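Undergrad: Take the given structure of chain B and dock chain L to it, following the hints.
Protein chains: 2
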Amino acid sequence: MSNGSIEAASADEIAKEFKEHSVAEFFKKNMQMLGLTGKIKALTTIVHEYVTNSLDACEEAKILPDIEVQIKELGSEYYEVTVKDNGPGLTKETVGKALGQLLAGTKFHRMMQMRGQQGIGAAGCTMLSQITTGKASQVITGTGKGNPISLEITIDPKKNQPKIANLAEIKKNFKGTMIKAKFKGMKYVNSEQAPLEYLRRTAIANPHAQITLIEPNKKKIVFKRTLKDIPKQPLEIKPHPKGINVDELNTLAKYTTGRQVSSFLKSEFDRMGDKAISEIQKNVSFDLKKDPRQLTWEECEEIVKQFKKINFIAPRTDGLRPIGEERIRKSLNSIVQPEFLSVVTRRASVYSGGFPFQVEVGIAYGGNAGKGNNVVNDDGLVERKMEIMRFANRAPLLFDTGGCAITKAVQSIDWKRYGVRDFENAPITIFANLISVHIPYTSAGKQAISDEIEIMEELRLALMDSGRRAAQYIAGKKREQDKKMKKELFFKFIPEIAKALEEITKKGKGKIEKNLEHLVLEKLKLEEDEEEAQKISDEIKETSKDTGKKTKENSPNEDEGLMEEVVEEGEE
Amino acid sequence: MSNGSIEAASADEIAKEFKEHSVAEFFKKNMQMLGLTGKIKALTTIVHEYVTNSLDACEEAKILPDIEVQIKELGSEYYEVTVKDNGPGLTKETVGKALGQLLAGTKFHRMMQMRGQQGIGAAGCTMLSQITTGKASQVITGTGKGNPISLEITIDPKKNQPKIANLAEIKKNFKGTMIKAKFKGMKYVNSEQAPLEYLRRTAIANPHAQITLIEPNKKKIVFKRTLKDIPKQPLEIKPHPKGINVDELNTLAKYTTGRQVSSFLKSEFDRMGDKAISEIQKNVSFDLKKDPRQLTWEECEEIVKQFKKINFIAPRTDGLRPIGEERIRKSLNSIVQPEFLSVVTRRASVYSGGFPFQVEVGIAYGGNAGKGNNVVNDDGLVERKMEIMRFANRAPLLFDTGGCAITKAVQSIDWKRYGVRDFENAPITIFANLISVHIPYTSAGKQAISDEIEIMEELRLALMDSGRRAAQYIAGKKREQDKKMKKELFFKFIPEIAKALEEITKKGKGKIEKNLEHLVLEKLKLEEDEEEAQKISDEIKETSKDTGKKTKENSPNEDEGLMEEVVEEGEE
Numbered sequence: 001m002s003n004g005s006i007e008a009a010s011a012d013e014i015a016k017e018f019k020e021h022s023v024a025e026f027f028k029k030n031m032q033m034l035g036l037t038g039k040i041k042a043l044t045t046i047v048h049e050y051v052t053n054s055l056d057a058c059e060e061a062k063i064l065p066d067i068e069v070q071i072k073e074l075g076s077e078y079y080e081v082t083v084k085d086n087g088p089g090l091t092k093e094t095v096g097k098a099l100g101q102l103l104a105g106t107k108f109h110r111m112m113q114m115r116g117q118q119g120i121g122a123a124g125c126t127m128l129s130q131i132t133t134g135k136a137s138q139v140i141t142g143t144g145k146g147n148p149i150s151l152e153i154t155i156d157p158k159k160n161q162p163k164i165a166n167l168a169e170i171k172k173n174f175k176g177t178m179i180k181a182k183f184k185g186m187k188y189v190n191s192e193q194a195p196l197e198y199l200r201r202t203a204i205a206n207p208h209a210q211i212t213l214i215e216p217n218k219k220k221i222v223f224k225r226t227l228k229d230i231p232k233q234p235l236e237i238k239p240h241p242k243g244i245n246v247d248e249l250n251t252l253a254k255y256t257t258g259r260q261v262s263s264f265l266k267s268e269f270d271r272m273g274d275k276a277i278s279e280i281q282k283n284v285s286f287d288l289k290k291d292p293r294q295l296t297w298e299e300c301e302e303i304v305k306q307f308k309k310i311n312f313i314a315p316r317t318d319g320l321r322p323i324g325e326e327r328i329r330k331s332l333n334s335i336v337q338p339e340f341l342s343v344v345t346r347r348a349s350v351y352s353g354g355f356p357f358q359v360e361v362g363i364a365y366g367g368n369a370g371k372g373n374n375v376v377n378d379d380g381l382v383e384r385k386m387e388i389m390r391f392a393n394r395a396p397l398l399f400d401t402g403g404c405a406i407t408k409a410v411q412s413i414d415w416k417r418y419g420v421r422d423f424e425n426a427p428i429t430i431f432a433n434l435i436s437v438h439i440p441y442t443s444a445g446k447q448a449i450s451d452e453i454e455i456m457e458e459l460r461l462a463l464m465d466s467g468r469r470a471a472q473y474i475a476g477k478k479r480e481q482d483k484k485m486k487k488e489l490f491f492k493f494i495p496e497i498a499k500a501l502e503e504i505t506k507k508g509k510g511k512i513e514k515n516l517e518h519l520v521l522e523k524l525k526l527e528e529d530e531e532e533a534q535k536i537s538d539e540i541k542e543t544s545k546d547t548g549k550k551t552k553e554n555s556p557n558e559d560e561g562l563m564e565e566v567v568e569e570g571e572e
Numbered sequence: 001m002s003n004g005s006i007e008a009a010s011a012d013e014i015a016k017e018f019k020e021h022s023v024a025e026f027f028k029k030n031m032q033m034l035g036l037t038g039k040i041k042a043l044t045t046i047v048h049e050y051v052t053n054s055l056d057a058c059e060e061a062k063i064l065p066d067i068e069v070q071i072k073e074l075g076s077e078y079y080e081v082t083v084k085d086n087g088p089g090l091t092k093e094t095v096g097k098a099l100g101q102l103l104a105g106t107k108f109h110r111m112m113q114m115r116g117q118q119g120i121g122a123a124g125c126t127m128l129s130q131i132t133t134g135k136a137s138q139v140i141t142g143t144g145k146g147n148p149i150s151l152e153i154t155i156d157p158k159k160n161q162p163k164i165a166n167l168a169e170i171k172k173n174f175k176g177t178m179i180k181a182k183f184k185g186m187k188y189v190n191s192e193q194a195p196l197e198y199l200r201r202t203a204i205a206n207p208h209a210q211i212t213l214i215e216p217n218k219k220k221i222v223f224k225r226t227l228k229d230i231p232k233q234p235l236e237i238k239p240h241p242k243g244i245n246v247d248e249l250n251t252l253a254k255y256t257t258g259r260q261v262s263s264f265l266k267s268e269f270d271r272m273g274d275k276a277i278s279e280i281q282k283n284v285s286f287d288l289k290k291d292p293r294q295l296t297w298e299e300c301e302e303i304v305k306q307f308k309k310i311n312f313i314a315p316r317t318d319g320l321r322p323i324g325e326e327r328i329r330k331s332l333n334s335i336v337q338p339e340f341l342s343v344v345t346r347r348a349s350v351y352s353g354g355f356p357f358q359v360e361v362g363i364a365y366g367g368n369a370g371k372g373n374n375v376v377n378d379d380g381l382v383e384r385k386m387e388i389m390r391f392a393n394r395a396p397l398l399f400d401t402g403g404c405a406i407t408k409a410v411q412s413i414d415w416k417r418y419g420v421r422d423f424e425n426a427p428i429t430i431f432a433n434l435i436s437v438h439i440p441y442t443s444a445g446k447q448a449i450s451d452e453i454e455i456m457e458e459l460r461l462a463l464m465d466s467g468r469r470a471a472q473y474i475a476g477k478k479r480e481q482d483k484k485m486k487k488e489l490f491f492k493f494i495p496e497i498a499k500a501l502e503e504i505t506k507k508g509k510g511k512i513e514k515n516l517e518h519l520v521l522e523k524l525k526l527e528e529d530e531e532e533a534q535k536i537s538d539e540i541k542e543t544s545k546d547t548g549k550k551t552k553e554n555s556p557n558e559d560e561g562l563m564e565e566v567v568e569e570g571e572e
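Those protein sequence lines, which keep their order, are chains B and L.
So the first sequence is numbered by the UniProt record's numbering: it starts at 1 and just counts up by one.
So the second sequence is numbered by the UniProt record's numbering: it starts at 1 and just counts up by one.
Rather than coming from a laboratory, the hints here were simulated on the basis of the structure.
A few of these clues could be false.
[Said to hold, decoys possible] In the DSS-like style, the derived pairs of lysine-lysine whose C-alpha atoms are separated by at most 25 angstroms in a straight line are:
| id | chain 1 | residue 1 | chain 2 | residue 2 |
| --- | --- | --- | --- | --- |
| 1 | L | K254 | B | K29 |
| 2 | L | K492 | B | K309 |
| 3 | L | K184 | B | K305 |
| 4 | L | K507 | B | K509 |
| 5 | L | K305 | B | K187 |
| 6 | L | K184 | B | K308 |
| 7 | L | K158 | B | K19 |
| 8 | B | K184 | L | K254 |
| 9 | B | K187 | B | K135 |
| 10 | L | K184 | B | K309 |
| 11 | L | K511 | B | K507 |
| 12 | L | K19 | B | K163 |
| 13 | B | K175 | L | K19 |
| 14 | B | K135 | L | K184 |
| 15 | B | K254 | L | K163 |
| 16 | L | K385 | B | K408 |
| 17 | B | K39 | L | K163 |
| 18 | B | K509 | L | K514 |
[To be verified] Residues of chain L placed beyond 10 angstroms of chain B at every Cβ, according to the derived structure:
| id | residue |
| --- | --- |
| 19 | E80 |
| 20 | K84 |
| 21 | N147 |
| 22 | V189 |
| 23 | T212 |
| 24 | K385 |
| 25 | T407 |
| 26 | R469 |
[As the list claims (entries may be wrong)] Beta-carbon label-pair distances, calculated as ranges:
| id | chain 1 | residue 1 | chain 2 | residue 2 | range |
| --- | --- | --- | --- | --- | --- |
| 27 | B | N217 | L | K309 | 48 to 58 angstroms |
| 28 | L | T251 | B | N217 | 33 to 43 angstroms |
| 29 | L | K19 | B | Q193 | 27 to 37 angstroms |
| 30 | B | K330 | L | D12 | 31 to 41 angstroms |
| 31 | B | D274 | L | D12 | 29 to 39 angstroms |
| 32 | L | A165 | B | K275 | 32 to 42 angstroms |
| 33 | L | L74 | B | N283 | 19 to 29 angstroms |
| 34 | L | N311 | B | K158 | 32 to 42 angstroms |
All figures in this text were calculated on a predicted structure; none of them were measured in a lab.
We treat Cβ as the ideally placed atom computed from N, Cα and C, and that holds for glycine.
Bound conformation, chain B alone (with noise of 0.2 angstroms):
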């Protein structure tokens, strides 16, 4: 490393800069785009990481997910993370792959509901374990088939490649995967960005999962299933026409075994028939007997044109498995124990590049719902804040709250037409659920969706149409409060002004305090009691136009009717 030239540099001299770097160099010293920097953070996410991909493990392998997460303080700032998970194991070809090696795995190439997506997260945490303590992971991990394995895994950044040490065969038996790592610079704490309430969230959004956290202190906390069947699983399922992009269409054709461009569209597309075909070669200017792969980028920009056009049917819901309604409800009843609570499971929809997505929102008002915030109000309540919990594909959000598509829609609410006077201090919770073959993070560290137009708005509808159903109640709940507040306040005060009136106009303070109180009884009260109820009602009404369209309440997977004229059947 040169101490640096302050003479001008020619383009030669610069060149001699260039160097190539790999992917796992350039995570490497961007550890915070992996979400694995922040002495809190660090540690939630490698909890997160190694989680979910146990939750996506069990779920293609239909097993009923059992984890046990232990952390363990080994120094200051010097923890040991295990997880064990019943899953169906790896195999010794793969395990390298999975832990070792940044951008390698299942999820990245496939249109598939899952926690995971990039084939990073856990490589990153092998790296972060390498980094901070020299030490390599420990693996454990039997597929049913033979003896389990044991072995021991870093990786090189250099090569983005695994170096897997001490593989050796163990006599027990064990099927899943048990990953042992030890990191330093770590916190464990009991915060809202905590491996405890993460794991809470993650078995909210989870009720068929058993999940154990045994704490640093010893203490054992159990999140139960509370369901017993295995969700069923997400689908991998084909790009919708709507959303596709031409670079896509024309990369799928190159690598198809089609052999005519109608046959090709017909099998690589969902919701592609026989009419749409006839319809697209109307309006091209080609055969689509063609060969796929002779398509010139013009071609493929001619049928792209036609897939927009075309009103296909939405795209297929059955390779997307929301939680449900029901299961929202009755988490969120037990865990927020709300006054009130309305769900809404929105129909899905698709984002630019033909990724189907759907929505469901929750909003919980009053009882327990919000957070806390220790500050005791002057009737002796203790005062609540606005929650908002976010998750992808049934993995809690907790960070980058801000950057988030779902905060963000929720703060493009104004909530002041709901009913909602002081939004950001009100008992709310809000749940939100974001499914997808394809969540559009921010980042790869996977703490924050990005505000696609398309998502925005299925959010906003999903927000609005269940705030319209919370507005009755908070409107009604708000005039009464409102109207005790009030009187109580002038009340209070009667006595003193009429005192105060009392020196001023030299009059006796019993009849002017009668006069008073008659005065705000009458004419206060009663006359902006109405006008407010009247004003609420006037915004609800005025709201419900908002939407531009009226939702079917309480319609989760339904295919029918997302488009106005539905001319092709999709065929399964």
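TA: Okay, now just chain L, sitting in the frame of chain B:
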């Protein structure tokens, strides 16, 4: 692509799905991580990537930048972006890496304050162009030696390798680089997050650059160079011993040319002299004459432990190039025209990883500070809202506001303590520039800075320091306004109240009014004002204590005194 199976998958079956992917494929699927999604955002990011490359190249070659950006509308949501600079140019060998390969370039491995630092941005634009239009990006570049060359470039995403076509020499005199690329799915608007505002802010932070924008409607906007001296070039620096971790030390030791650990440490680290070496030797279990390539992880740990203990002099600041208090003051005064302006440049500090950084903050209050929201208030004045202008190494940050350390630092301040009661709606512009040899961005899109503890602390100290100075001004102004408003308010209602009291008390209205006026002027006004003044004064005193240490005002680029005990002088 299969239609998905709902059979349970075994480890072997899952193993078949394991694949490896290139970093180009990863970002191609996750363009949002590069800031290259969203019609407006993508266009601004494209301009950002090309312009920062131009500014960096000019800076390194000691050239006063003259940059022309032209955006042409080719069709609906279809644009051509051309960026031409007068920089040092690219050679045949480097142009492919600079524009056609991700994670290649001069910036990633150098400890040097540059706008770009990843080797991803411009190559990401090449990829975006080809996947939205199918077209290559055109480049003309001349280095001053021989004829300029022209060529077309695309990326092979599967290999992350450049593909160059139509390479030719051209017989014109041209030194610099011109890139012309086409993009679909964009929208040129004139908003706070659009190219024009981006370039305006770039001009604020780079007064030595001449920047021209030709808008799609052919309108030409020139941000003139206001300062003709080239800013001192940032130096490539060595890592500071504070903040280096064991892994980094271990890696450096493996590649050093030093023969002994002692000479290795002295040549590879900033501020490392003989005194520090002998201090380390006293406290480690091995001889520093040892071959550095033979250092074990545990020995590296011993050394890093000593690094933490020794009070090294603060990192070299001559590698960092703040904009400077006077330049910021001039820029903000000319553009924001505030009533009051307070600018603070903190001294350099270091965050984990051994990266020096420095913070510059300006608070502009009143006048045209803040952003207008087109709402006219009761006094007939346009209401203004608080505005944050964020910069990293002089490049404006327009997106992911909520997730950025600068925003978080601003929000963490209790502005009431500085006399600003309703911060969000105050006429305030907060300017903040973070400079560093490595900005810890939250994502490869470089839109927001990660909230590293040390950076947050410095930002907070700068904001508080700057805020304290503004507070005096604001408090005085506030008191005056409050007095005026209160008086006006009370006097407005006195006739009405007097009338009401006349009814209640049956006394003469004239006398009541006089009594009320007396009451307002004497009791309310005087007492409350005194109380208020006392309160603000107390708060300011308390806040001063808050910052923990007395910061010297107006002292950018001074080396002395950051550490209490300096046991070691670094050598140049």
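Undergrad: Next, verify each hint and record whether it holds.
TA: These are the hints, each one checked on the structure:
At roughly 18 angstroms between alpha-carbon atoms, L:K254 and B:K29 fall within 25 angstroms of each other, so this suggested pair holds. The suggested pairing of L:K492 with B:K309 is violated, with an alpha-carbon distance near 63 angstroms, which exceeds 25 angstroms. As the CA atoms of L:K184 and B:K305 are separated by approximately 13 angstroms, the hinted pair is consistent with the 25 angstroms bound. Between L:K507 and B:K509 the alpha-carbon distance is near 14 angstroms, which keeps this suggested pair within the 25 angstroms criterion.
Distance check on the hinted pair: L:K305 and B:K187 sit about 19 angstroms apart at the alpha-carbon level, within 25 angstroms; holds. Annotation: proposed proximity of L:K184 to B:K308 holds, straight-line Cα distance about 15 angstroms (limit 25 angstroms). Distance restraint check for L:K158 and B:K19: the Cα-Cα separation of roughly 20 angstroms lies within the 25 angstroms cut-off, and the hinted pair is therefore satisfied. Pair hint B:K184 plus L:K254 holds up; C-alpha atoms about 22 angstroms apart against a cutoff of 25 angstroms.
For the given pair, B:K187 sits about 19 angstroms from B:K135 by alpha-carbon distance, which is consistent with the 25 angstroms threshold. For a cut-off of 25 angstroms, the pair hint linking L:K184 to B:K309 stands: about 18 angstroms separates their Cα positions. The straight-line distance between the Cα atoms of L:K511 and B:K507 is roughly 14 angstroms, inside the 25 angstroms bound, and the hint therefore holds. For the given pair, L:K19 sits about 18 angstroms from B:K163 by alpha-carbon distance, which is consistent with the 25 angstroms threshold.
At most 25 angstroms may separate the alpha-carbon atoms for a hinted pair to count; B:K175 and L:K19 meet this at roughly 24 angstroms. Distance restraint check for B:K135 and L:K184: the Cα-Cα separation of roughly 48 angstroms exceeds the 25 angstroms cut-off, and the hinted pair is therefore not satisfied. With a C-alpha separation of about 18 angstroms, the suggested pair B:K254 and L:K163 falls inside the 25 angstroms cut-off, and the hint holds. Annotation: proposed proximity of L:K385 to B:K408 holds, straight-line Cα distance about 19 angstroms (limit 25 angstroms).
For the proposed pair B:K39 and L:K163, the alpha carbon gap of about 43 angstroms is over 25 angstroms, so the pair is violated. Pair hint B:K509 plus L:K514 holds up; C-alpha atoms about 21 angstroms apart against a cutoff of 25 angstroms. Against chain B, the non-interface label of L:E80 holds: every CB pair exceeds 10 angstroms, the least being about 17 angstroms. Interface exclusion of L:K84 from chain B stands, the closest Cβ pair being 16 angstroms apart, more than 10 angstroms.
No beta-carbon of chain B is positioned within 10 angstroms of the beta-carbon of L:N147; the least distance is around 13 angstroms. Non-interface status of L:V189 relative to chain B is upheld: no Cβ of that chain comes within 10 angstroms, the nearest being about 14 angstroms off. The beta carbon of L:T212 is kept farther than 10 angstroms from every beta carbon of chain B, the shortest such distance being approximately 23 angstroms. Separation of L:K385 from chain B is adequate, the least Cβ-Cβ distance of about 15 angstroms exceeding the 10 angstroms criterion.
The claim that L:T407 is not at the interface with chain B is violated, since a C-beta of that chain comes within 10 angstroms of its own (minimum 7 angstroms). Listed as a non-interface residue, L:R469 keeps its Cβ farther than 10 angstroms from every Cβ of chain B; the least gap is roughly 28 angstroms. A beta carbon spacing of about 30 angstroms between B:N217 and L:K309 contradicts the range 48 to 58 angstroms that was offered as a hint. Separation of L:T251 from B:N217 is about 36 angstroms and conforms to the stated range, judged on CB atoms against 33 to 43 angstroms.
The hinted range of 27 to 37 angstroms is satisfied by L:K19 and B:Q193, whose Cβ atoms lie roughly 33 angstroms apart. For the pair B:K330 and L:D12, the beta carbons lie near 37 angstroms from each other, so the given range of 31 to 41 angstroms is met. For B:D274 and L:D12, the Cβ-Cβ distance of about 38 angstroms falls inside the hinted range of 29 to 39 angstroms, so the restraint holds. For L:A165 and B:K275, the Cβ-Cβ distance of about 40 angstroms falls inside the hinted range of 32 to 42 angstroms, so the restraint holds.
Separation of L:L74 from B:N283 is about 23 angstroms and conforms to the stated range, judged on CB atoms against 19 to 29 angstroms. Between L:N311 and B:K158 the beta carbons are some 35 angstroms apart, a value that agrees with the proposed interval 32 to 42 angstroms.
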